[in-house]
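Chemist: Sequence:
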Amino acid sequence: PQKFETFARGLVKEMGVKLDEKIGVSYTNDGGLDGFGYITSTDDFRTNRVAIQAKRWENNVPSPEIDKFRGAMDKYNAEYGIFIT
1 PQKFETFARG LVKEMGVKLD EKIGVSYTND GGLDGFGYIT STDDFRTNRV AIQAKRWENN
61 VPSPEIDKFR GAMDKYNAEY GIFIT
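Residue numbering for the sequence shown follows full-length UniProt numbering, starting at 1 and increasing by one per position.
Hints were generated in silico from the structure; no laboratory data involved. Here a beta-carbon is modelled for each residue, glycine too, at the ideal position from N, C-alpha and C. Please note that a few of the clues may not be correct.
Label-pair ranges, simulated between beta-carbon atoms [said to hold, decoys possible]:
{"no.": "1", "residue 1": "Glu-21", "residue 2": "Lys-68", "range": "18 to 24 Å"}
{"no.": "2", "residue 1": "Asp-43", "residue 2": "Glu-65", "range": "19 to 25 Å"}
{"no.": "3", "residue 1": "Asp-43", "residue 2": "Asn-77", "range": "33 to 39 Å"}
{"no.": "4", "residue 1": "Tyr-38", "residue 2": "Asn-60", "range": "26 to 32 Å"}
{"no.": "5", "residue 1": "Gly-10", "residue 2": "Asn-48", "range": "18 to 24 Å"}
{"no.": "6", "residue 1": "Tyr-38", "residue 2": "Glu-58", "range": "29 to 35 Å"}
Can you build the whole structure from these sequences, using the hints too?
Modeler: The structure is reproduced here in structure tokens:
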């Protein structure tokens, strides 16, 4: 799972998200987040908070996991969430 989380964090970095290395970097008890960062609009007018979660599962992600992620988004006031499976 650590390799997948590292991959996911690298992927969102390539998408332009600037990661906050203080949030969501532990691999256990991460509070529902594997990463957290900021993305600035193309006109540099607004910066949005982005929550990141990665799950290396072959089956569908159960609703409680999405609910937990949504709760973590609320906790960190994230406007956007990226859930990678």
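Chemist: Now tell me, hint by hint, if it's right for this structure.
Modeler: Status of each hint after checking the structure:
At about 22 Å, the CB distance of Glu-21 to Lys-68 agrees with the hint of 18 to 24 Å. A beta carbon spacing of about 35 Å between Asp-43 and Glu-65 contradicts the range 19 to 25 Å that was offered as a hint. With their beta carbons about 22 Å apart, Asp-43 and Asn-77 fall outside the hinted range of 33 to 39 Å. Range check, Tyr-38 to Asn-60: Cβ separation about 30 Å, and the 26 to 32 Å hint holds.
The hinted range of 18 to 24 Å is satisfied by Gly-10 and Asn-48, whose Cβ atoms lie roughly 20 Å apart. Range check, Tyr-38 to Glu-58: about 32 Å between beta-carbon atoms, so the 29 to 35 Å window is met.
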